[in-house]
Amino acid sequence: MTDLRLDATQLERYSRHVIMDEVGPEGQRRLLEGSVLVVGAGGLGSPVIQYLAAAGVGRLGIVDDDVVERSNLQRQIVHGDDDVGRPKVESAADYVRALNPDVDVRAHETRVTSETIDDLVGGTDGERTDGYDVVVDASDNFATRYLCNDYCTLSGIALSHGAIYRFEGQVTTFPNDGDGPCYRCIFPEAPEPGTVPDCATTGVLGVLPGTVGCIQATEVVKYLLGAGELLEGRLLMYDAMGLSFETVDVRRNPDCPVCGDDPEIESIHDVGYEGSCTVSSD
Amino acid sequence: MPTRVTVDVKGEDTHEIDLERLAASGNSGEPISYADLLAEVDLSPHEVSVLVDGRPVPEDQPVEADHVTVLRLIKGG
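Taken in sequence, the protein lines are chains B and X. Converting from the first sequence to this note's numbering requires adding 27 to each position, the first position being numbered 1. Converting from the second sequence to this note's numbering requires adding 1 to each position, the first position being numbered 1.
Simulated from the structure, these hints should not be mistaken for laboratory data. One thing to keep in mind: the hints can contain errors.
Coverage of chain B stretches by chain X, computed from C-beta distances (three or more under 8 Å per stretch; other residues unrestricted) [to be verified]:
no.	segment
1	86 to 93
2	167 to 180
3	183 to 193
4	225 to 235
Distance ranges between label pairs, derived from CB positions [to be verified]:
no.	chain 1	residue 1	chain 2	residue 2	range
5	B	D131	X	R5	50 to 60 Å
6	B	D131	X	M2	52 to 62 Å
7	B	S271	X	L23	21 to 31 Å
8	X	T7	B	E60	42 to 52 Å
9	X	E17	B	G150	29 to 39 Å
10	B	D93	X	E31	38 to 48 Å
11	X	T7	B	T229	25 to 35 Å
12	B	D288	X	T7	36 to 46 Å
13	B	E60	X	S45	28 to 38 Å
14	X	R5	B	D109	56 to 66 Å
15	B	G107	X	S45	37 to 47 Å
16	B	L270	X	E17	46 to 56 Å
Think of the CB as a built atom: it goes at the ideal place given N, C-alpha and C, for glycine as much as any other residue.
With the hints as extra help, turn the sequences into a complete structure.
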């Protein structure tokens with residue numbers, strides 16, 4: 028199992044990966060050469076960041092414009108009590124650096140908007156010379172969710188989707204490399220602001236984003252390895268109270284506004300993301 | 002139009018809805034729409050997507066399927 032591109036420390040660190048035929052030294056090399064942008068360092072982002080860092084994903088970007096609050100700590104486990112008041116990206120990046128020095132972690136303390144997403148994901152940021160292989164949507168709002176979907180769909184970048192509500196979660200994967208659906212194929216438009224409750228008003232079981240985020244991390248690792256069956260064309264529904272999983276088959280929608288046969292959205296700049304994420308009238 | 006429709010609200014309950022009864026209870030004379038099905042199970046079109054065979058259908062369209070899947074839009078992260 029010796030691979031000259033993995034040094035002795037790496038062979039020890041990743042030995043439980045390398046020993047498996049489905050990963051091996053070649054798969055571990057793929058992980059070390061992989062790059063993932065995690066949008067949101069909150070409930071979902073925390074386990075995603077932790078497991079991708081532990082797995083040795085070589086370049087890990089973290090985007091968030093928020094600071095750690097004490098009410099986050101019940102579920103956002105990448106942050107600790109001493110981090111209250113710090114930018115979440117700084118706290119999360121420190122966690123990654125302490126966990127795995129193989130990971131080149133990039134902290135982006137900003138909001139993902141139609142003005143910033145190309146720099147963040149596409150790699151035109153002055154700090155970087157290339158973009159990311161995968162985007163993980165671990166956001167907590169529809170504007171970011173639809174923007175990430177539209178950008179990744181139009182750019183052909185793989186997207187992991189996760190969302191949580193009280194005791195339930197939804198997860199799926201959009202490789203964006205073929206005929207599979209995108210998020211808008213399932214949910215064509217965002218609801219009007221204020222019509223769908225958030226965790227701050229309804230509460231959320233603290234361990235719920237751990238389960239859902241770990242599934243997202245699993246999907247990303249499989250995608251980078253090129254192994255296993257992704258949740259493409261399947262929306263996984265998780266009910267923590269019933270401890271049950273169910274998958275719903277979803278298909279590409281010919282009427283989808285972004286990846287349909289006659290799409291309305293040909294650029295993220297066509298869309299007003301602060302409302303129902305539909306094509307702007309101006 | 003089918004006479005009965007199964008409305009499978011994922012993560013919640015499955016409902017059997019009698020369209021003839023629903024039509025008789027209304028007074029608009031308009032065909033029963035997917036939005037009418039949602040109203041019958043106390044859901045707003047703003048918070049869900051109605052899928053038939055894995056694809057969303059416009060809520061204002063007349064019901065043509067005998068089984069629909071309802072997915073709730075959730076935003077938490």
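Verification of the supplied hints:
| no. | hint | result |
| --- | --- | --- |
| 1 | 86 to 93 | violated (count 0) |
| 2 | 167 to 180 | holds (count 4) |
| 3 | 183 to 193 | holds (count 4) |
| 4 | 225 to 235 | holds (count 3) |
| 5 | B:D131 to X:R5: 50 to 60 Å | holds, 58 Å |
| 6 | B:D131 to X:M2: 52 to 62 Å | holds, 59 Å |
| 7 | B:S271 to X:L23: 21 to 31 Å | holds, 30 Å |
| 8 | X:T7 to B:E60: 42 to 52 Å | holds, 48 Å |
| 9 | X:E17 to B:G150: 29 to 39 Å | violated, 52 Å |
| 10 | B:D93 to X:E31: 38 to 48 Å | holds, 46 Å |
| 11 | X:T7 to B:T229: 25 to 35 Å | holds, 28 Å |
| 12 | B:D288 to X:T7: 36 to 46 Å | violated, 29 Å |
| 13 | B:E60 to X:S45: 28 to 38 Å | violated, 46 Å |
| 14 | X:R5 to B:D109: 56 to 66 Å | holds, 59 Å |
| 15 | B:G107 to X:S45: 37 to 47 Å | holds, 39 Å |
| 16 | B:L270 to X:E17: 46 to 56 Å | violated, 26 Å |
This entry does not satisfy hints 1, 9, 12, 13 and 16, going by the numbered hints stated previously.
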